[in-house]
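Enquirer: Fit chains B and C to the given chain A structure using the hints.
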Amino acid sequence: MSIDLVTQILAIMATVAYAVTGVMAVAEKRVDLFSAVVLGVIASVGGGTVRDLIMDVPVFWSQDLLLIRVAVAASIVTFFTMNYLSHPQIYKAFLYIDGIGAALFGLAGAMKAYELGFAWPLGVLIMGVISAIGGGVIRDVLTGRKTLLMSDEVYAVPVAIGCVFLAAILHFFPERKSEALLIGTLVAFTLRTAAIYWNLRLPLWFTTLKK
Amino acid sequence: MSIDLVTQILAIMATVAYAVTGVMAVAEKRVDLFSAVVLGVIASVGGGTVRDLIMDVPVFWSQDLLLIRVAVAASIVTFFTMNYLSHPQIYKAFLYIDGIGAALFGLAGAMKAYELGFAWPLGVLIMGVISAIGGGVIRDVLTGRKTLLMSDEVYAVPVAIGCVFLAAILHFFPERKSEALLIGTLVAFTLRTAAIYWNLRLPLWFTTLKK
Amino acid sequence: MSIDLVTQILAIMATVAYAVTGVMAVAEKRVDLFSAVVLGVIASVGGGTVRDLIMDVPVFWSQDLLLIRVAVAASIVTFFTMNYLSHPQIYKAFLYIDGIGAALFGLAGAMKAYELGFAWPLGVLIMGVISAIGGGVIRDVLTGRKTLLMSDEVYAVPVAIGCVFLAAILHFFPERKSEALLIGTLVAFTLRTAAIYWNLRLPLWFTTLKK
Chain A
1 MSIDLVTQIL AIMATVAYAV TGVMAVAEKR VDLFSAVVLG VIASVGGGTV RDLIMDVPVF
61 WSQDLLLIRV AVAASIVTFF TMNYLSHPQI YKAFLYIDGI GAALFGLAGA MKAYELGFAW
121 PLGVLIMGVI SAIGGGVIRD VLTGRKTLLM SDEVYAVPVA IGCVFLAAIL HFFPERKSEA
181 LLIGTLVAFT LRTAAIYWNL RLPLWFTTLK K
Chain B
1 MSIDLVTQIL AIMATVAYAV TGVMAVAEKR VDLFSAVVLG VIASVGGGTV RDLIMDVPVF
61 WSQDLLLIRV AVAASIVTFF TMNYLSHPQI YKAFLYIDGI GAALFGLAGA MKAYELGFAW
121 PLGVLIMGVI SAIGGGVIRD VLTGRKTLLM SDEVYAVPVA IGCVFLAAIL HFFPERKSEA
181 LLIGTLVAFT LRTAAIYWNL RLPLWFTTLK K
Chain C
1 MSIDLVTQIL AIMATVAYAV TGVMAVAEKR VDLFSAVVLG VIASVGGGTV RDLIMDVPVF
61 WSQDLLLIRV AVAASIVTFF TMNYLSHPQI YKAFLYIDGI GAALFGLAGA MKAYELGFAW
121 PLGVLIMGVI SAIGGGVIRD VLTGRKTLLM SDEVYAVPVA IGCVFLAAIL HFFPERKSEA
181 LLIGTLVAFT LRTAAIYWNL RLPLWFTTLK K
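Protein sequences appear in the order of chains A, B and C. 1 is the number of the first residue of the first sequence in full-length UniProt numbering; add one for each residue after it. 1 is the number of the first residue of the second sequence in full-length UniProt numbering; add one for each residue after it. 1 is the number of the first residue of the third sequence in full-length UniProt numbering; add one for each residue after it.
Each statement offered as a hint is correct.
Heads up, the list lumps identical chains together, so a pair's fine if it works in one copy or across two of them.
Below, computed lysine to aspartate or glutamate pairings styled on EDC-like, alpha-carbon distance capped at 20 Å:
1) K112 <-> D64
2) K112 <-> D56
3) K92 <-> E28
These are calculated hints, taken from the structure and not from any lab test.
Just chain A, same shape as in the assembly:
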């Protein structure tokens, strides 16, 4: 398989995972099919959309609707199969795929910022994190849920660390784009996977309630 095909397949998997976890997250609320699809699509493509708006480039899905179609389809399927998907084992599987999604979307966003020369070097980190968590945050705001920023889930930090690896590698080896992207993504994914597997939470003393 070519690199492009691998990238494409990974992007589709990540989009599905984001849509599935995006719709599942509002399952306990009263949401109709239309809203479920809207929220699933927002969870999937919202982060990349905000990233592109801030970098002032055309939103990525305006060129190619494939990922939106995938998100719509995944959201509809999730809506009708929610009872099966909420089975702990299946949901856990999606959490890991969602972790792949966070790593892929985050690092792809960081790389896009790098290639556009956007606000180097902090821009790489900022756009990476926005790409990874933006969609979920918007979904939470629209549904009245506590956003990721207020949760003790270790979600954004792995992506941020992956972006720091990416930026560090590109700083020293500007030519090594593929390697930087691969390593950054693996770092983010490994840390996120560890957080899911060991159910890591941020220690209380590391929060504003520390005293």
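Expert: Using the frame of chain A, we list chains B and C on its own:
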């Protein structure tokens, strides 16, 4: 009367209705005059603003402030006459005009996406829905109210169906813009009016709480 | 000191104040270091970012990351020294500096709209208010707090009045930019300072709960 004049008058009516229902929606909260005007204006022009940002064209009110001025004036009048406007019969009248607004704003937004060739064909639907409900959703987020996406009101779906009609007609008859716009708007408005008149709600089995 | 240096120092002070009050505002919630920095940075630069997106110019920090770095540093320091900063006298001092920030950010945003010829004259007022309160409003939405628009704090109105002064002066004396900026900023700051000092609140009869 020329078509342009009719369009202009309809846009002003829709803007007034959005501002009135926008301010009325926060009446039970403690909102001062300044915030009421800000929220009324956001409810009126917020959807079109988000649409234009995503399509990367100048926000529509930057060229012509008329609709913002209308929204400001309508918000101020609403603030001071709220007790009269909340009379059930008068409020109901505004609900219907708001339905005209949703149809007009939604379909005008869909047509704008079509003319810009933005993400055809799904972009027409997405931009139509954002134009119609975006402003109200932002207002609800800013005031801590449950957003439209979490309500069982049949509001966005009529607009979405109108946009599908518009896209279908334009797909087969790309020259028939006026007819497509007229039919799409009528479809959206008729469905929304029916929803208000018969107080239609989405059936529970059609929601995530179906089981 | 040159005017540019003074402007730069004032912008840094304002950024620090926004980050400090931005992080302090979420102190009673459970927020970890990473989220605290994200929220502090959003409170600092969010308003100007939204302003630049709406005016369709590059976001101001994409050219120069200094203010983002300052916001990051101030947020980290605030996170670790929160117990000291919450001392009433120190916090009060930051409230006044935050008032300088609101005046500076608001009027600088208004001036930017004027220089870009954006939606004159209302655009000057709208962009001024967004620059001053946008970041805080986004932070509040992300953390589930009541936004400024729903509070009886006299915060946005002083900025709005300052922007009206700016626009009025520029209308009659288009050449007098420095004077207009200085007077507008002083008006906004004086009114905001008075509101803090005398703990001014909007009178109840001036709200939707007036009856």
